[in-house]
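Between the sequences and the hints, there should be enough to build the whole structure, so can you do that?
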Amino acid sequence: MATRLFASPSPHIHSADNTRRIMGDVVLALIPALAVSTYVLGLRVLFVTFVAVASCVLFEYFISRLFLKRKATIGDLSAVVTGVLLAFNLPVGIPWWIVVIGALVAIGIGKMTFGGLGCNPFNPALTGRIFLLIAYPVEMTDWTTGVPDALSGSTMLPAVKYHLTSLADVNFAHLFGGVMNGSMGEISAVALLVGGIYLLVRKVISWHIPVAVLGTMALFAFATAIGQGDLMWQLPLFHLMAGGAMLGAIFMATDYSTSPMTHKGMLIYGVGIGVITMVIRLWGAYPEGMSFAIFIMNAATPLINKYCRPKRFGTK
Amino acid sequence: MRMRTFPIGGIHPSDNKEWSKGQAIEVLDLPNEVYVPMIQHIGAPATPVVQKGDKVVTGQIIGQSMGFVSANIHSPISGVVTSVDAYPNGQGQRRMMVVIKREGDEWLEEIDRTTTLKRECSLSPEEIIAKIKNAGIVGLGGAQFPTHVKLTIPDGQKAEVLVINGVECEPYLTSDYRNMVERAEMALIGIEIIMRALQVQHAVIGIENNKPDAIEHINAIIARDNYRGIEVMPLKMRYPQGGEKQLIAAVTGRQVPPPPALPISVGAVVCNISSAIAVYEAVQKNKPLIERVVTITGKGMKSTHNFLTRFGTPLNVLLERAGGLPEGDVKLLNGGPMMGRSIVETSAPIIKGCSGITVLSGAEAARGKEIACIKCGRCVEACPMGLEPYLLSKVARLQKWDVAEEHNTVDCIECGCCSYSCPSNLPLLDYIRIGKQTVMTNIRARAAANKK
Numbered sequence: 001m002a003t004r005l006f007a008s009p010s011p012h013i014h015s016a017d018n019t020r021r022i023m024g025d026v027v028l029a030l031i032p033a034l035a036v037s038t039y040v041l042g043l044r045v046l047f048v049t050f051v052a053v054a055s056c057v058l059f060e061y062f063i064s065r066l067f068l069k070r071k072a073t074i075g076d077l078s079a080v081v082t083g084v085l086l087a088f089n090l091p092v093g094i095p096w097w098i099v100v101i102g103a104l105v106a107i108g109i110g111k112m113t114f115g116g117l118g119c120n121p122f123n124p125a126l127t128g129r130i131f132l133l134i135a136y137p138v139e140m141t142d143w144t145t146g147v148p149d150a151l152s153g154s155t156m157l158p159a160v161k162y163h164l165t166s167l168a169d170v171n172f173a174h175l176f177g178g179v180m181n182g183s184m185g186e187i188s189a190v191a192l193l194v195g196g197i198y199l200l201v202r203k204v205i206s207w208h209i210p211v212a213v214l215g216t217m218a219l220f221a222f223a224t225a226i227g228q229g230d231l232m233w234q235l236p237l238f239h240l241m242a243g244g245a246m247l248g249a250i251f252m253a254t255d256y257s258t259s260p261m262t263h264k265g266m267l268i269y270g271v272g273i274g275v276i277t278m279v280i281r282l283w284g285a286y287p288e289g290m291s292f293a294i295f296i297m298n299a300a301t302p303l304i305n306k307y308c309r310p311k312r313f314g315t316k
Numbered sequence: 001m002r003m004r005t006f007p008i009g010g011i012h013p014s015d016n017k018e019w020s021k022g023q024a025i026e027v028l029d030l031p032n033e034v035y036v037p038m039i040q041h042i043g044a045p046a047t048p049v050v051q052k053g054d055k056v057v058t059g060q061i062i063g064q065s066m067g068f069v070s071a072n073i074h075s076p077i078s079g080v081v082t083s084v085d086a087y088p089n090g091q092g093q094r095r096m097m098v099v100i101k102r103e104g105d106e107w108l109e110e111i112d113r114t115t116t117l118k119r120e121c122s123l124s125p126e127e128i129i130a131k132i133k134n135a136g137i138v139g140l141g142g143a144q145f146p147t148h149v150k151l152t153i154p155d156g157q158k159a160e161v162l163v164i165n166g167v168e169c170e171p172y173l174t175s176d177y178r179n180m181v182e183r184a185e186m187a188l189i190g191i192e193i194i195m196r197a198l199q200v201q202h203a204v205i206g207i208e209n210n211k212p213d214a215i216e217h218i219n220a221i222i223a224r225d226n227y228r229g230i231e232v233m234p235l236k237m238r239y240p241q242g243g244e245k246q247l248i249a250a251v252t253g254r255q256v257p258p259p260p261a262l263p264i265s266v267g268a269v270v271c272n273i274s275s276a277i278a279v280y281e282a283v284q285k286n287k288p289l290i291e292r293v294v295t296i297t298g299k300g301m302k303s304t305h306n307f308l309t310r311f312g313t314p315l316n317v318l319l320e321r322a323g324g325l326p327e328g329d330v331k332l333l334n335g336g337p338m339m340g341r342s343i344v345e346t347s348a349p350i351i352k353g354c355s356g357i358t359v360l361s362g363a364e365a366a367r368g369k370e371i372a373c374i375k376c377g378r379c380v381e382a383c384p385m386g387l388e389p390y391l392l393s394k395v396a397r398l399q400k401w402d403v404a405e406e407h408n409t410v411d412c413i414e415c416g417c418c419s420y421s422c423p424s425n426l427p428l429l430d431y432i433r434i435g436k437q438t439v440m441t442n443i444r445a446r447a448a449a450n451k452k
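Read top to bottom, the protein sequences are chains H and L. Quick note: the first sequence uses the working numbering, first residue 1, plus one each step. Quick note: the second sequence uses the working numbering, first residue 1, plus one each step.
Some hints here could point you the wrong way.
Said to hold, decoys possible - Calculated from the model, a selection of chain L residues having no Cβ within reach of chain H, i.e. all distances over 12 Å:
1. A130
2. V149
3. P314
Unchecked claim - Below 35 Å or equal to it, Euclidean Cα-Cα: the simulated DSBU-like pairs (lysine-lysine) are:
4. K264/H to K394/L
5. K71/H to K400/L
6. K236/L to K306/H
7. K264/H to K236/L
8. K369/L to K264/H
9. K451/L to K316/H
10. K400/L to K451/L
11. K17/L to K311/H
12. K203/H to K299/L
13. K311/H to K369/L
14. K306/H to K369/L
15. K158/L to K316/H
16. K306/H to K316/H
17. K400/L to K264/H
18. K394/L to K71/H
It should be emphasised that the hints constitute simulated quantities derived from the structure, not laboratory data. Just so it is clear, CB atoms sit at the ideal spot from N, CA and C, and this is done for glycine as well.
Next comes the structure, spelled out in structure tokens:
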């Protein structure tokens with residue numbers, strides 16, 4: 001074999017980082033939550049997740065090939081991430097065909113319409129979830145079907161919101177450890193935290209968005225509790241643990257394409273999500289506001305990017 | 001104490017210095033033929049002052065600098081000029097070169113070839129700078145900026161600190177390192193002379209903490225020989241710490257304002273450690289810049305070396321000494337893997353700015369398949385100049401030069417941190433370079449139009 005010289009402009013080496021590895025890390029980070037959820041809610045969790053992932057991947061493949069006439073980009077694993085996140089936002093008893101419709105909206109409308117990976121203004125999984133929430137409100141809030149008896153009944157957020165349960169009676173150990181009702185991915189705050197720490201260690205995400213979201217929610221709840229003169233620590237803790245707070249703050253709000261580029265922008269974005277979530281949770285028509293809050297702040301991301309630019313070297 | 005470094009951005013590529021750092025400096029055999037380019041510096045090319053058939057001796061001037069920003073070129077060997085014509089450089093571009101066929105080893109008489117160290121210097125700043133100019137010294141870190149220009153402080157400004165670049169943040173390269181552990185005495189005298197030329201009382205040698213023996217060695221000599229005002233500052237390893245602005249910020253905490261401001265606007269003058277050795281030789285030994293230490297390294301090489309090489313020596317000579325190029329796809333670089341330039345012509349000569357030849361395998365230097373930008377922000381985080389590489393690259397692709405200018409594309413130092421860290425393998429810097437060059441041309445054209 002002879003020597004063959006080849007040339008290009010610098011730099012000539014590259015970090016080991018690539019998009020596929022990043023997406024793979026996100027999937028790995030979601031596995032603890034998936035495991036706890038399967039343990040608590042049963043094997044149907046795996047079925048729903050499989051349907052969501054498979055539909056997302058297939059829709060991306062066919063839309064790329066048939067409509068966009070280009071090579072499918074499913075190898076980057078981003079459709080897998082969307083599938084898992086979509087499943088995590090659904091109740092376990094949801095009919096399978098609704099999952100497929102959700103995947104079609106997530107990938108078809110949420111992602112491919114805008115040009116695919118990196119071009120979507122809104123988080124695709126959230127687009128799917130919000131569509132389903134509005135189109136199938138009954139199925140999307142039916143927490144009983146397919147659930148073991150011990151957990152049947154309403155989830156914590158609406159229970160507390162509509163005074164079905166007193167906050168003083170909430171079992172925080174259950175909320176934290178994983179015996180709470182809700183969407184599949186919201187079962188265990190601790191499993192989501194473990195995944196979040198993994199993503200931080202692998203430098204897939206930075207702390208800015210999750211801390212800004214959760215910190216703002218806690219402060220907001222604390223201020224409200226002071227106003228009411230009661231439940232100083234329970235209210236903030238409850239809001240961090242219940243519903244989609246952890247899933248949203250760690251996995252949904254940190255989606256690269258739909259969140260700001262600079263740390264300063266990330267903080268503003270995170271605070272925005274925290275405030276909107278709490279406003280909806282406390283005074284809005286829905287018991288949960290995380291999805292809408294992220295969606296609204298997704299829309300603000302281009303503007304945040306425009307005004308939160310990095311500090312130019314050599315300027316004050 | 002927390003070790004200092006530059007304030008924003010940067011990356012941590014594997015330094016790969018272990019391949020060649022243990023190789024002591026070897027004097028490469030005198031080449032039989034040299035191709036000496038008349039441009040080995042930033043600025044105007046030198047004009048050849050010899051003709052075909054002329055006999056020349058080592059150290060004799062063969063190219064006269066043209067204008068202030070330019071540098072003299074000297075004969076690296078003794079012999080006969082066989083041609084003055086255009087020959088290809090490493091990138092295959094034809095450049096004016098003087099070709100000399102070696103005969104014996106005769107030197108210009110005034111050059112002191114003994115190895116005795118000479119520290120006393122009673123020359124005035126002007127005399128020192130004149131000697132540096134005559135010797136054709138340029139920045140040996142790779143930029144090849146004429147040193148006498150750097151040391152001539154513009155009216156109304158004042159140098160406060162001399163920053164010596166011993167960082168060598170480029171992966172693989174070890175020529176500055178070998179100079180620091182083997183020729184530190186010469187470097188320190190050179191630093192003292194530059195301090196005298198600048199009339200400053202304080203010099204700081206920045207060295208990254210991956211070279212603890214160099215730090216220790218220089219500190220020991222400073223203490224032993226009582227060098228006053230010279231201090232070694234260990235820096236936390238991070239690329240591109242050797243960038244002029246990054247180094248000044250790391251060492252002094254001051255940030256040079258955006259272009260066109262120069263380091264002197266914060267009172268700093270930066271000089272490479274190997275250039276300091278060249279200054280010593282020029283001022284104390286009357287020896288012009290005719291040779292330098294060149295690292296030849298790479299994971300696939302049979303042997304690695306740090307060769308003291310005469311300029312104009314064909315690259316082939318060094319490659320042969322190192323056992324030849326490995327088989328298969330190979331990327332040959334003038335410099336290191338982050339900022340080095342691809343070489344396509346192996347007969348091209350070694351020049352003043354060549355601190356090393358890095359040989360990368362096809363796999364090591366392969367560019368991954370480009371996919372869409374996922375807006376992860378890694379390039380923004382990595383940029384040491386506080387720019388938005390994803391944006392600058394995109395607008396250059398779309399030829400929106402005004403947007404590129406508005407987002408300060410001219411600040412880019414082309415360090416490559418953005419392309420290195422992009423998980424989508426986008427050639428960010430390729431496009432940013434095009435944008436930067438176009439914007440700079442536009443700015444110059446506007447300035448020229450305004451003058452009229």
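So, going through the hints one by one against the coordinates:
no., hint, in the structure
1, A130, "holds, 33 Å"
2, V149, "holds, 21 Å"
3, P314, "holds, 15 Å"
4, K264/H to K394/L, "holds, 22 Å"
5, K71/H to K400/L, "holds, 28 Å"
6, K236/L to K306/H, "holds, 33 Å"
7, K264/H to K236/L, "holds, 25 Å"
8, K369/L to K264/H, "holds, 31 Å"
9, K451/L to K316/H, "holds, 31 Å"
10, K400/L to K451/L, "holds, 26 Å"
11, K17/L to K311/H, "holds, 33 Å"
12, K203/H to K299/L, "holds, 29 Å"
13, K311/H to K369/L, "holds, 31 Å"
14, K306/H to K369/L, "holds, 29 Å"
15, K158/L to K316/H, "holds, 22 Å"
16, K306/H to K316/H, "holds, 19 Å"
17, K400/L to K264/H, "holds, 27 Å"
18, K394/L to K71/H, "holds, 22 Å"
Checked against the numbered hints listed earlier, the structure breaks none of them; every hint is satisfied.
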